[in-house]
Amino acid sequence: MMNTEQASLTVRQRGAELVFCLHGEIDHHAARRLRERMDEEIVRRPVERVRIELSDVKFMDSAGLGLILGRLAVAREVGCTLLLTGADARMRRIFDMAGLERVKGLTLEA
Amino acid sequence: MKSKYQNEAVLRLPSLSVNEGVARGLVGTVLSLLDPTVEELADVRCAVSEAVTNCIVHAYRGCVGDIYISVKLCEEKLVQIEVRDRGCGIADVEEARRPLFTTDPSGERSGMGFSVMEAFMDEVRVFSRVGRGTRVVMRKRLSKNDAG
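Line by line, the protein sequences are chains W and E.
Positions in the first sequence are counted from 1; adding 5 to them yields the working numbering.
Positions in the second sequence are counted from 1; adding 12 to them yields the working numbering.
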């Protein structure tokens with residue numbers, strides 16, 4: 006229960022949507038490890054939307070938010086929008102604090 | 013207000029990002045002695061993660077230094093957590109605590125670290141001196157359960 010679950014990423018493409026499933030504990034350490042691979046995938050695939058699925062995330066702090074915002078910037082550069090799904094109440098609270106619902110190109114699924 | 017503490021753990025970790033999770037785990041283990049709710053445990057782990065990350069990203073940017081974490085379990089289920097470093101220090105603490113403010117140039121930081129600490133703990137105090145280091149002192153009083 007007290008073990009830190011190593012963060013990981015699964016990637017799949019569904020038509021014009023690139024889906025990232027994040028797993029485990031998404032902190033600054035995880036963000037550093039995952040962001041390059043996420044950016045590579047966003048840039049090389051001809052998709053219209055990037056979905057980041059959060060339902061298997063066991064922990065997220067504001068570094069997870071930074072990971073999301075950094076990927077949004079890259080997605081924007083290649084003309085994609087970003088969709089966040091599966092956020093729990095705690096994550097939504099952090100997103101609310103940062104005013105995420107007002108960010109252009111980003112949708113938080115209810 | 014000084015409470016006579018019932019238990020205390022003092023941890024020293026180098027400012028390696030892998031230790032963000034180590035800090036969360038260790039603090040969580042100590043906090044479990046107070047029988048926190050799932051929410052309270054998650055709150056404290058998140059706040060600690062933010063404070064420790066600040067030491068790694070900001071205090072000791074470009075180098076590795078020591079992060080000192082003390083967890084004090086006090087009467088009436090009060091927990092006090094202190095995260096201290098000997099890093100670069102914060103020139104303007106008030107500015108640093110403002111939501112979305114960050115001095116990190118990478119574009120990967122949200123600037124929400126202190127905001128999250130304040131949201132999940134009852135009280136957050138920050139003491140800092142440029143060139144000397146920073147001390148973040150956070151308190152939370154856990155709810156009494158039926159048995160306690």
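Read the hints as simulated data drawn from the structure, not as lab findings.
Among the clues, some could well be false.
Here are the simulated DSS-like cross-link-like pairs (lysine-lysine), alpha carbons at most 27 Å apart as the crow flies [what the hints assert, rightly or not]:
no. : chain 1 : residue 1 : chain 2 : residue 2
1   : E       : Lys89     : W       : Lys63
2   : E       : Lys156    : E       : Lys89
3   : W       : Lys63     : E       : Lys84
4   : W       : Lys109    : E       : Lys89
5   : E       : Lys84     : E       : Lys156
Here's a subset of chain E near chain W, in silico, CB distances under 7 Å, partners left out [what the hints assert, rightly or not]:
no. : residue
6   : Gln18
7   : Asn19
8   : Leu25
9   : Ser29
10  : Val30
11  : Cys58
12  : Glu62
13  : Gly77
14  : Lys89
15  : Gln92
16  : Glu120
17  : Gly125
18  : Ser127
19  : Val128
20  : Glu130
Every value quoted in this text rests on a predicted model; they were computed, and no experiment measured them.
Just so you know, even glycine gets a beta-carbon here, dropped at the ideal spot from N, CA and C.
Right, here's what the structure says about each hint:
1. A C-alpha spacing of about 26 Å is found between lysine 89(E) and lysine 63(W), which places the hinted pair at or below 27 Å, so the restraint holds.
2. Under the criterion of a C-alpha separation no larger than 27 Å, the hint pairing lysine 156(E) with lysine 89(E) is consistent with the structure, at around 7 Å.
3. The hinted pair formed by lysine 63(W) and lysine 84(E) meets the criterion: a straight-line CA distance of about 26 Å does not exceed 27 Å.
4. Distance check on the hinted pair: lysine 109(W) and lysine 89(E) sit about 43 Å apart at the alpha-carbon level, beyond 27 Å; violated.
5. Simply put, lysine 84(E) and lysine 156(E) have alpha-carbon atoms about 17 Å apart, close enough for the 27 Å limit, and the pair holds.
6. With its C-beta approaching chain W no nearer than about 21 Å, glutamine 18(E) sits outside the 7 Å limit, and its interface hint is violated.
7. The interface hint given for asparagine 19(E) is broken, as the beta carbon of that residue sits about 17 Å from the closest beta carbon of chain W, more than 7 Å.
8. With a least beta-carbon distance of about 12 Å to chain W, the hint placing leucine 25(E) at the interface is violated under the 7 Å criterion.
9. Hint status for serine 29(E) relative to chain W: holds, with the closest Cβ pair at about 4 Å, below 7 Å.
10. Proximity of valine 30(E) to chain W holds as hinted, the smallest CB-CB distance being about 5 Å (cut-off 7 Å).
11. Taking 7 Å as the C-beta cut-off, the interface hint given for cysteine 58(E) holds, the closest approach to chain W being about 5 Å.
12. Below 7 Å, beta-carbon pairs count as interface contacts, and glutamate 62(E) has one with chain W at about 5 Å; its hint therefore holds.
13. For glycine 77(E), the shortest C-beta to C-beta distance to chain W is roughly 16 Å, which exceeds 7 Å, and the interface hint is violated.
14. At about 20 Å, the closest approach between the beta carbon of lysine 89(E) and any beta carbon in chain W exceeds 7 Å, and the interface hint on this residue is violated.
15. Below 7 Å, beta-carbon pairs count as interface contacts, and glutamine 92(E) has none with chain W, the closest being about 20 Å; its hint is therefore violated.
16. Interface hint at glutamate 120(E): satisfied, since its Cβ lies 5 Å from the closest Cβ of chain W, which is below the 7 Å cut-off.
17. With its C-beta approaching chain W no nearer than about 5 Å, glycine 125(E) sits inside the 7 Å limit, and its interface hint holds.
18. Hint status for serine 127(E): holds, given a least beta-carbon distance of 5 Å to chain W, under 7 Å.
19. This hint holds: valine 128(E) has a C-beta 5 Å from the nearest C-beta of chain W, less than the 7 Å allowed.
20. Look at glutamate 130(E): its Cβ only gets to about 9 Å from chain W, farther than 7 Å, so that hint breaks.
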